[in-house]
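Student: Letter by letter, the chains look like this.
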Amino acid sequence: MIYDINLKITYAYDVPVSGGRHMVRVLPLSQPGRQRLVAGSVSCVPTPQERHESTDFFRNAATSIVFRTAHDRLMIRMQARVTVDPVPITADFSPKLADLAPALATVWTLDPDSPHHFMGVSPRLPEVATIAAYARTAVCDGMTVNEIARALCTRIHKDFTYDPKATTVDTTPAAAFKLKRGVCQDFAHVMIVALRSLGIPAGYVSGFLRTIPPPGKERLEGADAMHAWVRYWAGPITGWVELDPTNDIPAGTDHIVVGHGRDYADVAPVIGILKSYGGQTTEQAVDVVPVLPA
Amino acid sequence: MVKSAAEPQLKAQAQAKAKARTDLVSGYAALPGSADEMLDKSGAVRPVWQHLLAAIGRMDETDLVNRFARADRYLRDAGVFYRAYGSKENTERNWPLSHIPVLIDEKEWQVVSEGLVQRAELLEKVVADIYGEGRLVREGFLPPALVGSNPEFLRPLVGVKPADGHFLQFCSFEIGRGPDGNWWVLSDRTEAPSGAGFALENRVATTRAFSDVYAETHVHRLASFFGAFRDTLQAGKRHPEDRIAVLSPGVANETYFEHAYIARYLGFMLLEGEDLTVVGDRVMVRTVAGLKPVGVLWRRLDAAFADPLELNQNSHIGTPGLVEALRAGSVSIVNALGSGILQTRAFLAFLPRISRHLTGEDLRLPSIATWWCGQAAEQAHVAANIEKMVIGPAYSVRPFFDDNEQSVLGSTLRDNAKTSIGEWLKTDGAKLVGQEAVTLSTTPAFVNGKLTPRPMSLRVFAARTLDGWQIMPGGFARIGSGDDVAAIAMQAGGSAADVWIVSDKPVARTSLLPAEESFTRNMPGSLPSRAADNLFWLGRYIERAEGALRILRAWHGRYAEAANPDMPLLKDVTEYLAALDIDTKQPVPSSLLANISSALFSASNIRDRFSPDGWLALNDLAKTARKFHATVQAGDDATHAMTILLRKLAGFAGLVHENMYRFTGWRFLSIGRYLERGLHMTRLLGHMTGPNTPDGAYDMLLEIGDSVMTHRRRYNVATASLTVTDLLALDPLNPRSILYQLNEIKTEVELLPNAFTNGQMSSFYREAMRLHAGLAVMTPDGMTPAVYRRFEQDLEHLSDVLAQTYLS
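The listed protein sequences derive, respectively, from chains A and B.
Residue 221 in the working numbering is what sits at position 205 of the first sequence, and the numbering runs on without skipping anything.
Residue 699 in the working numbering is what sits at position 695 of the second sequence, and the numbering runs on without skipping anything.
Hints listed in this document are in silico derivations from the structure and should not be mistaken for laboratory results.
Values in this document were obtained by computation on a predicted structure and should not be read as measured data.
A portion of the hints provided could be inaccurate.
Examples of chain B residues toward chain A, derived with CB under 10 Å [to be verified]: (1) 142; (2) 143; (3) 149; (4) 155; (5) 281; (6) 284; (7) 312; (8) 318; (9) 434; (10) 803; (11) 807.
Virtual Cβ for every residue (Gly too), placed ideally from N, Cα, C.
From just these sequences and the hints, can you work out the full model?
Tutor: If you want it as structure tokens, here you go:
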């Protein structure tokens with residue numbers, strides 16, 4: 017599939033801010049066998065006094081922008097064309113849960129895709145006993161890692177209600193789990209904590225969903241803003257697998273990846289440090305349109 | 005005749021004295037099963053201790069106690085404190101000095117030093133690999149999980165090469181002596197090692213107690229160690245105009261005193277994250293003279309908090325963009341961000357093999373035996389030997405005797421958790437380490453009038469210098485509070501002692517101060533804007549408190565004598581004060597306390613610029629005000645209380661006035677005071693010289709303005725609106741008049757940085773001139789309430805302009 021993606025994030029400040037520094041991660045990445053960024057750009061209004069492009073540890077594209085003059089609005093805009101490859105369907109080569117730890121012990125690397133980055137606690141995701149107990153109930157003897165992950169994904173989708181009003185960007189996984197409500201970020205965080213509690217390496221994927229579903233399909237939740245889902249490590253043969261617990265589906269050609277991280281903190285679209293004395297309101301507008309081959 | 009009568013008495017005294025002497029040292033013996041610093045294996049006094057011990061033997065208890073008191077007085081006067089967490093309030097504690105130093109032969113120290121230099125070099129190689137090529141993990145020398153799941157592994161720093169080529173420049177090591185007499189490394193500190201400043205203060209204090217013994221003993225000096233490190237940091241600058249600064253997490257930190265002390269001792273700026281900003285790829289400090297480049301930061305801040313944009317996003321004490329500046333290689337941070345990963349306790353298990361692999365050598369000073377339970381064989385070993393183990397968190401960066409009791413001794417666990425140990429290790433193994441439960445040596449401490457053996461470990465400091473790693477000859481000893489020599493017993497806290505490295509030959513005497521013939525007069529560096537802001541507000545709060553105290557004193561004096569508590573003057577002033585949030589129903593109002601607390605808070609942020617005397621005076625004022633708030637009654641009692649508080653406040657102001665160096669910092673403090681005093685008088689005159697002034701208001705004004713006598717001398721008439729206005733608003737010679745304040749502000753403003761730029765006045769200068777001229781041309785009859793109101797607004801505006809020009 018080929019998509020044209022438009023993203024507009026606007027901040028309106030109650031009191032003009034005198035300056036600020038932001039880290040922006042909104043540009044889709046190129047990942048061989050998964051997707052390719054054909055062209056893409058990030059722009060800002062007002063024009064920042066400084067701008068630096070970099071690639072972060074997890075190979076996500078990051079743009080830092082610096083403002084030194086007062087402004088009361090900030091708009092960040094991303095435009096991109098991306099081709100997404102279908103995920104080939106294969107048999108389940110993932111190990112049984114008991115065999116995962118020995119398999120992990122054979123991986124002696126700390127490359128960005130190494131599962132060892134995705135095992136312990138991370139900035140937003142401490143261990144949560146209630147989620148660990150919940151995860152254990154989804155496991156039966158002899159299940160493979162893929163089976164466990166699919167089971168957890170389905171359970172979370174079933175037990176949780178999609179509710180944008182219930183949580184905020186700062187809600188902890190423990191709180192979201194207690195509410196059994198939230199948005200894609202909460203679904204993903206709870207599932208990652210659950211997987212890690214079982215010893216399965218799991219990370220956070222930020223990205224986009226196609227806005228208008230193909231004919232005859234239902235519109236997916238989370239398409240009107242940036243989306244998030246989960247990837248887990250299913251052993252050395254299978255590697256990383258992406259699941260979307262908000263919609264209970266594997267991430268496929270409708271999912272466009274922007275960033276990989278341990279949790280939201282690693283791939284937050286905009287991290288901003290401002291000198292500000294008032295509140296702010298944020299809006300996000302996303303458009304993901306398939307480009308039909310001529 | 006007289007002589008013979010006194011003789012028996014003297015004899016008895018001499019006998020008592022002799023007995024006291026023997027009591028001090030007699031009965032001292034090493035504890036069974038552990039080595040002792042003073043006594044060798046055979047129980048004989050080690051040669052380096054003999055001189056000190058003989059000297060102590062000649063002292064009686066009174067003499068010794070007096071000597072200790074001298075040391076304690078030094079620490080108190082110098083304001084040495086550390087902050088203790090845990091109790092309800094974070095309280096400042098006096099530094100707990102154990103007065104008897106620990107003496108170590110320089111030949112033995114040489115061995116320790118060589119071992120630690122080797123270790124520092126190895127640690128540098130390890131951290132450079134973790135943030136560089138990653139070969140130790142790839143080649144199987146370091147389990148990837150220990151890095152990948154490690155909270156100290158800072159991914160944004162991977163691939164960032166330190167600007168000066170080194171990750172580590174300053175480390176400390178905790179070492180202890182085992183029962184066999186050999187030294188062990190208990191832990192490495194690479195993140196932001198503290199204690200070097202306290203080691204210096206221990207030394208000064210201890211030499212106060214034993215100045216004679218110290219002079220007669222060949223003790224290696226500490227100054228050259230600091231001097232060499234200072235030179236290294238100086239050499240790390242790439243531009244001559246670059247500043248070097250100590251980066252502190254701020255006053256709330258437990259060792260803030262030390263940050264200020266070290267900065268002052270080495271002549272570096274003391275900064276916090278908020279003082280810095282990143283422009284382009286350069287780190288700049290905000291000063292009252294504009295942005296100035298910073299080339300080297302010796303950080304005492306945990307790395308994760310250094311940059312909220314790329315590291316811990318919840319940090320309020322960092323500098324956004326700092327990591328980007330590091331990537332650009334424009335600034336050196338000592339130690340490099342991320343170096344803290346080396347402190348991970350489980351790393352101790354892998355260092356011996358890594359040492360052989362990377363250097364072909366064994367560690368000369370072994371670490372305490374450590375097993376990471378994330379591996380099956382190690383797990384089994386720990387479970388089988390649980391009696392001899394301390395079990396603790398694998399990723400902890402604190403040594404087990406210092407980790408808030410997260411570590412437990414296996415032998416104490418066994419009774420109630422016998423069966424669960426194996427299970428615990430199996431489920432949580434990767435998060436646990438077992439460490440050999442080592443015992444420490446003992447050293448004499450003075451307890452209950454006797455030298456008593458107490459367990460001790462040493463904190464030793466290593467600095468990278470232009471000639472390679474140097475080990476501080478000394479350091480400080482942690483002295484246990486009980487006689488339990490198990491290292492883990494150090495969790496209970498204790499005291500600190502100086503460490504003397506003793507030579508049998510005379511040692512070089514160095515000082516960080518250059519010899520007198522070569523002196524230069526250095527002007528103080530640029531004042532950071534945050535420090536200027538705190539000084540300015542300290543001035544304002546102090547003056548605000550004084551203004552309130554003066555009005556309240558006059559009010560209570562009249563209230564005590566008034567037949568009618570509702571008399572118009574009292575009611576009028578009550579209303580005036582209410583508008584300032586001061587409630588006359590409270591004899592010592594809580595808003596006054598809040599004011600003094602604000603002054604104290606401002607002062608606490610700039611303690612490095614204060615004499616300890618000034619700080620104590622301000623604290624004393626706050627304490628007395630709090631006490632009065634609870635006890636004082638309205639009327640005479642309150643009048644008296646206000647007088648006491650005013651006197652204490654004048655004491656603080658006097659100390660500052662007499663002792664503070666007349667430079668930029670002083671000017672901001674002064675401008676704060678003048679501005680607030682001007683505001684106080686403007687507001688008060690505007691309220692009390694209007695058409696409906698109650699009876700007695702003019703006399704009260706003169707009393708508040710401390711001008712009763714002057715008025716009598718100068719005008720020779722009864723108080724009236726015009727003469728009071730003349731004296732309190734327009735008299736340029738009355739130090740409480742409004743015009744006087746503007747005169748003084750004008751004088752200070754001219755001397756501030758950037759008062760003129762390209763021949764043009766700064767906006768603050770212009771505004772101060774305008775206000776001054778506006779008032780100087782006024783006559784008393786022109787001073788209407790409306791004029792005062794406008795002046796009040798203008799003065800507030802002047803404060804804002806000052807903030808915009810210098811403080812942001």
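Student: Decide, hint by hint, whether the structure agrees.
Tutor: The hints, checked one at a time:
With 10 Å as the threshold, the beta carbon of residue 142(B) comes within range of chain A, its nearest partner Cβ sitting at about 6 Å, so the hint holds. Evaluation of the residue 143(B) hint against chain A yields a held restraint, the C-beta minimum of about 8 Å falling below 10 Å. Checking residue 149(B) against chain A: minimum C-beta separation of about 5 Å stays under 10 Å; hint holds. Interface hint at residue 155(B): satisfied, since its Cβ lies 7 Å from the closest Cβ of chain A, which is below the 10 Å cut-off.
Using the Cβ-Cβ criterion of 10 Å, the hint placing residue 281(B) at the interface with chain A is satisfied: the shortest such distance is roughly 9 Å. The closest approach between the C-beta of residue 284(B) and any C-beta of chain A is roughly 7 Å, which is under the 10 Å cut-off, so the hint is satisfied. Proximity of residue 312(B) to chain A holds as hinted, the smallest CB-CB distance being about 5 Å (cut-off 10 Å). Proximity of residue 318(B) to chain A holds as hinted, the smallest CB-CB distance being about 9 Å (cut-off 10 Å).
A distance limit of 10 Å between C-beta atoms decides the matter here; for residue 434(B) the minimum to chain A is near 8 Å, and the interface restraint holds. Here the hint on residue 803(B) is broken, as its CB sits about 17 Å from the closest CB of chain A, past 10 Å. At a threshold of 10 Å, the smallest CB-CB gap from residue 807(B) to chain A is about 12 Å, leaving the interface hint violated.
The earlier numbered hints that this structure contradicts are 10 and 11.
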